[in-house]
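Colleague: In order, the protein sequence lines correspond to chains A and B. Quick note on numbering: the numbering used here labels position 377 of the first sequence as 377, and the sequence is numbered without any gaps. Quick note on numbering: the numbering used here labels position 17 of the second sequence as 17, and the sequence is numbered without any gaps.
Simulated from the structure, these hints should not be mistaken for laboratory data. Hints should not be assumed to be uniformly reliable.
Stated by the list, open to error - With a straight-line cut-off of 27 Å between C-alpha atoms, the simulated DSS-like cross-links for lysine-lysine are: (1) A:Lys390 / A:Lys374; (2) A:Lys150 / A:Lys123; (3) A:Lys91 / A:Lys343; (4) A:Lys91 / B:Lys19; (5) B:Lys19 / A:Lys322; (6) A:Lys91 / A:Lys322; (7) B:Lys19 / A:Lys150; (8) A:Lys343 / A:Lys322; (9) A:Lys279 / A:Lys390.
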Amino acid sequence: MRLQLTTRRLFCFASVGAFLALAFASREASAQVVEVDTAHTFYHEAPTRSNMTVYTPGVSAQATPSEWITVRGGYEADIVSGASVATKAGKAYQSVNPGADVITTASVRDLRHSPTGGLTLRKGDVAYTAQYTFGAENDYRSHNIFIGAKTDAYGHNTQLEISYARNFDLVCDRVQATSDTAPRFRALENSTGCFANTDPLRTRHALAIDGFQASWTQAWTSVFATQLAYTAQLLDGFQSNPYRSVIVAQGLKAQEHHPDQRARQALAFRMNFYLRPIKVAFRLTGRLYRDTWDVTSGTGELEAERYLFENFRVTARGRFYKQSGALFWSDDYTGGDLPLGPKGQYFTGDRELSPFWSLGLGIRAAYTIRPEPKFDGGRPRLLGFLESAKVGASFDILQFSYDEYTLAGRPIENARAYIVGLTAGALF
Amino acid sequence: MKMLLALALLALSSCVTVKPAARSVLADPIMQFEGDPQATAQLRHAIDNREGSYGGGGVAGGGCGCN
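Here chain A stands alone, though its shape is the one from the complex:
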């Protein structure tokens, strides 16, 4: 633990030191090369029997001391509090146990830290990016390595980008009896001692994630551009929620049990079109998704953005999403092989693996503050040192509708999420 903390601190100090050195060096080399941004997102939902509030603050900075290099660093956190469903049952179980309240909830309080650092190197029309991101929660550790290459072609009208990311993750779990099988596994009670190596009832499972993406962005006319992006992801390891139990037979609950392997693919198509007569930019996105758990989904998004006055732009957006359930999804796993076997090899209490659709509506406003031009030929500055500054705010509502997921026969009501975003940035 001490070694882990020391290594992390060293990484943190080294990253901050390297970034500051480059930032100050860049101030000497050029006057417009350091950018600092901060974003804050508040997420809240309170559907039946649970509620969740997540505050995500983030700060990032990047410096370009020379045309051929950009160095960046950042930090993000998730501050989570609320209550989630700890034991899930379906309507068939409830019908033979009328009046019994089998659904339990557990309070959730967690903090995720995620520092990141990376750099981009440019040579001609090609840019190479490498980035490392660390993630730490009470019950989860993540190391993410990202590499990517991007090139401009055909007079900068075409951009091609490929990237690869690899996650080396660890998930905390409860030690299970060696003689037990999945339908007898017990859920993790809490995250105490997960990464302390002091609790003999805690263990860690590996989760490896390989991600690949290729994208093609094309300017077709002076007001029309498109983007095609393909993503593939392979997950190998523990993917269940270790805290969640599912009623699998009369009087028997077990930790939810997902397959270890999952291969996911998504194809997204975006187009931007600027309609001159009304001075509005329209962004249309369509995405198709499929994975080996047999979840398929389609997403459609439409955004309209325009300047209300100089440097002040507003966006209105709408989003529709629909997915099928996973192959092993069931609202009720009781009634399997006798005497107390669940229905199927895998069982889940995850509503994100059930069939559902969602509708989202949102607005966003952004204002860029630029200094007044100087008539003496000098470089204009805000407050004497800023090239420009920007602020933004957004508000989104997402309404979910679950086709099959119930809490012991009771449908989820008030499945609505509110998302507030605030951003600010400055260019030095």
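Chain B: place on chain A using the hints.
Modeller: Just chain B now, with coordinates in the frame of chain A:
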């Protein structure tokens, strides 16, 4: 067949030339696919954790944050 179609489209892109002087609208923030990457990434992070699907945006990231 799909691969041929993709290659044909890519080849077609070489015929397109939008002169630098005509790119003022394309260069404007309102025509960017991800105008504010950090805010977009945070919004996507929040939504991805409520859905069974993933992808089409980016592959970088760290941690679960999936409560």
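Colleague: Does each hint hold? Answer for all of them.
Modeller: Evaluation of the provided hints:
1. Between the alpha carbons of Lys390 (chain A) and Lys374 (chain A) the distance comes to roughly 20 Å, so the proposed pair stays at or under 27 Å and holds.
2. A threshold of 27 Å between alpha carbons decides the hint, and for Lys150 (chain A) with Lys123 (chain A) the separation of about 11 Å falls inside it, so the pair holds.
3. About 14 Å separates the Cα atoms of Lys91 (chain A) and Lys343 (chain A), which keeps this hinted pair within 27 Å; it holds.
4. At most 27 Å may separate the alpha-carbon atoms for a hinted pair to count; Lys91 (chain A) and Lys19 (chain B) exceed this at roughly 63 Å.
5. For the proposed pair Lys19 (chain B) and Lys322 (chain A), the alpha carbon gap of about 40 Å is over 27 Å, so the pair is violated.
6. For the hint pairing Lys91 (chain A) with Lys322 (chain A), the CA-to-CA distance comes to about 23 Å; that is within 27 Å, so the pair holds.
7. Only pairs whose Cα atoms come within 27 Å are accepted, and Lys19 (chain B) paired with Lys150 (chain A) is accepted, the gap being roughly 21 Å.
8. For the given pair, Lys343 (chain A) sits about 26 Å from Lys322 (chain A) by alpha-carbon distance, which is consistent with the 27 Å threshold.
9. Using a Cα cut-off of 27 Å, the hinted pair Lys279 (chain A) and Lys390 (chain A) holds, with the two alpha carbons roughly 21 Å apart.
When held up to the earlier numbered hints, the structure conflicts with 4, 5 and fits the remainder.
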